[in-house]
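Participant: Here's the letter readout for the chains.
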Amino acid sequence: MEYPVWQVAHVSTGFLVALISVFHVYIAHFAVGGGLFLVLTELRARASGSPAMLDYVRRHTKFFLLTTMVAGGITGVGIWFVIGLASPEGTALLVKSFVFGWATEWVFFVGEIVALLIYYYAFDRMDARDHQIVGWLYFAFAFLSLFVINGIVGFMLTPGDWLQTRNFWDGFFNPSFWPSLAFRTFLSLGLAGFFALVTAPYVPDPATRDSMMRYAGLWVAAPFVFLLASGWWYVQALPPAQQAMVEFGSPQTPALVHAFIPVSLALVAAVLFTSFAAPNGMRKFLAVSIVICGITQIGVFEWARETARRPWVVYNEIYSNCITPAQAAEADEKGLLATARWTANKKVTEANMLDAGRELFMLQCKVCHGDAGPMLDVRKKTEKYGVLGLDAQLNGQGKLRPYMPPFVGTPEEREALAAYVVADLGGKSIFEGASKIKPVKTGTAKVDQLPFEIPSFDADKDEYVLLAWNNLGMHCISDSDKWWILLPPANDLYAQLIRRGPAPEVVTEGVTLSYDVEKGFENPSGHVDFWKHAKSFFGKELPVNVGVSGNPVTGGKMHRSEDLGAFEASLVPVVPYPDSGGFNPYPLFTITARDAASGKVLATTRMVAPTSTEMGCKNCHGGEWRVAGVAGFTDETSRDVLAVHDRINKTDLVARAESGNPVLCQSCHADPVLGTKGQEGIPNFPAALHGWHANYLTGRGTEVCYYCHPAGAAGPTGCLRGVHAGRGLDCTDCHGYLEDHALSLLKKDKEAGIKAVDKLMANLTPRKVKTVADVKARTPWLMEPDCLSCHDHEALPKKEGTSFNKWTSGKPGDLYRLRHDDMGAVMCEGCHGSTHAVYPAHNIYGADRDNIVPLQHQGLAAPMGAKGNCAVCHTQEMDDSAHHPIIGQ
Amino acid sequence: MNPAALIPTPGAIQVPWGWFEFLLLLTFILHLLLMNALVGGAVICTVKTLRGQGGSAAVHDHALRLPTLLALTVNLGVAPLLFVQVLYGSFIYSSSILIAWWWLAVIGIIIAAYYGLYVYDFRFQRLGNGGRLFLILGPTLLLLFTAFIYVNNMTLAATPDRWFAYFKAPDGTLLNLGEPTLAPRYLHFMVAALAIGGLAQALVWERKRCKGAADEAQAAEHVASGLRWFFRATLAQLAIGAWFLFSLPRYLYMNFLGKEQLDTLLLGVGLVLTLASLHFARKGRVWPTVWTAVATVAVMAGLRDLLRQAYLRPYFTPGDLQVAAQYSPLVLFAVSLVIGLALVGYMLKLWLKANREGE
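Order-wise, the sequence lines are chains A and B.
In terms of this note's numbering, the numbers along the first sequence are unbroken and rise by one, the last being 1101.
In terms of this note's numbering, the numbers along the second sequence are unbroken and rise by one, the last being 361.
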């Protein structure tokens, strides 16, 4: 960020570095090994008194001169030029820190050049012993130059103590110095053999020719096992982070490391064939082919070494994009555009957003990512993202997957960068409606108003009040069944039948309750594939349209729960897709209570069973909505979720799904909502999901909840619709911001000894409380915000209240959805309605759709008995409430 | 906008800046002498080939040496480039990036020129005049172009106020063509190469003549020819040098005309040496010409450095660089240099011995 950025068209500047570097090192290593080859072969030629062999050495020397001095030497300067262009800060650091190392290497270059020129030009004139001395000196100088460059290049990967001491010798003799030197030495010897094969076929005398071919082959084969051994030593000598990066940390490196041995073996085999077995006519062609292909061996090695160093150019000192951690901290606060020198835009505005994004791309992405070419094409990497998704990716970059440096800059700059990549490079549209670059809609969605009938209730004559509700007001299913499932179609319907009178009674005996779904929803299996894969998910075949616990979607019986004093029908498999098409997340159920003996209908009511597939995974995982352009999972989205999981966790979920065995996420990740125990050492499902994604969505408000949960009124569900929403509260008021929410879940797993959550927690900072230590751990689904934290039944709740950190005890009976009044009789939800839809709720599909039960019984959308309506159940006015103290009517 | 805002903050250096300044100047002067012999020699060969003398002994002698000269020029270029990056890295990395493609092209250009010169050398006898012309003209043009790119880079590095051109063309395609001193500076440096190239020829043939390694008359002719190249080019340099000087902004050229003591003294010394070398060349006295010319080159390198410092003074002086002292690496270099040079000397001794025995 101090220097101008070379804004090369299309390719990354790093690609140019790679091209020149790999070419150079191939020849340069040959120059080292070949030097030894020349003098040893000369010795052999003179000792065996073979003029033909000596002649070969002379001709090979000419080849050597023309290859190493010109192509080899000048491209070495080429690397120096190109790294200064691509990575000036990194180059400046290397030059300033190791100037006398470089200067010493230059002395060795002088020696090399003089020695080689003399060795070549005086070949016939010089006395044999003198000539050999010159040959040995050449090799000595060449090896010493390798010695020096090895130190400096190794320093970049493993700086060792230099980071603290800044001492030249600490940096030079760094942790990977010796194994790297060994590796490169054996590589050099092998390369001497490759190149010797090029000239050997031209020896006129057949016997000498064959002998030289075999000799060259031995030069390749003999060091090979030492090459592998020193390669293994090299990997072992790496500090843990670098070793991890080589072995699995970066998407590319494992493949590269694993490719090295097969590539090398193939080359050795080709060489041995050419040397020992190939017919003479083929040898020249084979030798040239080997030399051309041979570059892949060192290319694979150098590429693996470079990627092991990710995300740094000097490990722990400067990131690959030449920004230091200290500079990044300053830029995060003040803006990268402001703190970098060579920027035309100093700040992001509406007008300059894309151009500012372009400059941000150049500053911190360009060195590795081009928008074309074979290396890390950013368009390919970001194909699935829109602005929202890419912004989230950038937010989380480098935190959990450390092969990339973190994004540097303010949130506005991050969004600008995302917009530039998505629009200017990706060619996608980013403007939606009137607002620019706001893929998340605001305001209230315009949806068709769905009519509903309120069953009748005669306050004078009717004997019973039937309360019915869905335990959860916000409820989702994932219709990604072909690929995975995290929530099957499964609504929990509850009902309490109350016999009216001065002493009302909750009735559980002698009655049967049944439920029927509204027309059009009777055939969920016609809309989702869940039943095709139920066996794979839950280990048992399910009859179509029957839920996991055996309840049918319609026409089923509710079961009596003695503990709750209520009736329930669990896991009713309704889906938000009516047969008439489209999306309706609020199907209605009619609950009917009948006398068990006579079958006479005692009471009827109607309730909403909310169920939505508006899960915004597509925002980051690609794809579009599957149904009516508003909800549902496409194959593209579903598959990408698994593909990412496979890549990160080395699972095989895509393969399993493609072979017809999709998994239930909670089969590995414990989850109280489905009662699964998961596998050992793996975080529970809510902790994993929120813990992972929170890293990608920091510093946001409630809108971030809506990316995944169907809570927002601007979406087609609008699940957050109860009295709290009506009073202006949002998710964060009760659940905390996403970081808080995630930390509370992760902490529970951490206390249980699950190590995997450590890295998820490392980059999360709580916002509702001061430190992570202040966050109270909670078990998902069983420890929830406690109503009593704001509603103490003494006074009206304060405006600034928050329920974060004030969880219920963990006993199911303390949860709002399973709790009873002070008498232990009526369930809280019976009078107050479902979570997130507490009466009075406002439903975007018809304002009072959720308020049917109170409207039916008391003509008022409010908690049952509110505003002095105790007579609904008590058939008379009451002074006092034994349910719980009632304040502020 | 203030150009100072664009100048990157430099890091610390390991020993006081004077060390690097000394090493920079020393190795740069050696590089210049070799580069001048190379480029000048290549131009002379080209001209002679164009005149139909492409097969002459003088040209052949040049041809034999040019590849080696190129190798040594590059090698001796590496050292000053290293030291200049330590002292002026903020400027030179920046300017290099602005002209990135041109700068990087130098690598390909030098490789092409180098291979061309090797073919020219190895196949000299077998080539016809047309072939020789192609193989000497090509590398010569490439080398001249390389120098042109360097002059663009070095002048741009010294003038941060011209860096704003980056914002119009950040893709590395800029040159510094708008710089008023570019043409006279380039010409001055290339004509110097011509002079030294001719002088190198004179020196080579003078030594051959003294050792009796060549026909007396022929050698004398080549010596005279070389000195003629030197004389004419150096005479022209008086005018071109003046042009160069006065193409500088006034506040800068006045440094050399009285405002700054050292600068003025050095220019005066340089002029005296130049006149002396012209005198000796006229008189046909090779060695005194060589010594005064070499001294002139050294003085000119010093003047060039003073000019650079003057350009940058509003923004930076090397004394501004922080020193985080570590002397042991310098000791490493010094020891390696002594041992290295000793071994090089030894190898040259073996080479000379082989040559003597061959005769």
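Don't take every hint at face value.
[Claimed, not checked] List time: in silico DSS-like cross-link candidates among lysine-lysine, alpha-carbon distance up to 27 Å:
id	chain 1	residue 1	chain 2	residue 2
1	A	K752	A	K889
2	A	K592	A	K611
3	B	K213	B	K261
4	A	K673	A	K694
5	A	K559	B	K170
6	A	K611	A	K274
7	A	K558	B	K170
8	B	K285	A	K274
9	A	K546	B	K351
10	A	K611	A	K694
11	A	K274	B	K355
12	A	K1018	A	K747
13	A	K640	A	K673
14	A	K611	A	K596
15	A	K274	A	K308
Think of the hints as simulated: they come from the structure by calculation, not from any bench.
The structure presented is a predicted model; accordingly, all values stated were derived computationally and were not measured.
Participant: All hints, please: hold or fail.
Facilitator: Hint-by-hint comparison with the structure:
1. A:K752 x A:K889: 18 Å, holds
2. A:K592 x A:K611: 22 Å, holds
3. B:K213 x B:K261: 49 Å, violated
4. A:K673 x A:K694: 52 Å, violated
5. A:K559 x B:K170: 19 Å, holds
6. A:K611 x A:K274: This hinted pair is violated, its Cα atoms lying about 53 Å apart.
7. A:K558 x B:K170: 16 Å, holds
8. B:K285 x A:K274: Outside the cut-off at roughly 43 Å; violated.
9. A:K546 x B:K351: 64 Å, violated
10. A:K611 x A:K694: It is violated: about 31 Å lies between the C-alpha atoms, which goes past 27 Å.
11. A:K274 x B:K355: Given pair K274 of chain A, K355 of chain B holds - Cα atoms ~22 Å apart, limit 27 Å.
12. A:K1018 x A:K747: 39 Å, violated
13. A:K640 x A:K673: 64 Å, violated
14. A:K611 x A:K596: 21 Å, holds
15. A:K274 x A:K308: With Cα atoms ~37 Å apart, K274 of chain A and K308 of chain A exceed 27 Å; violated.
The earlier numbered hints that this structure contradicts are 3, 4, 6, 8, 9, 10, 12, 13, 15.
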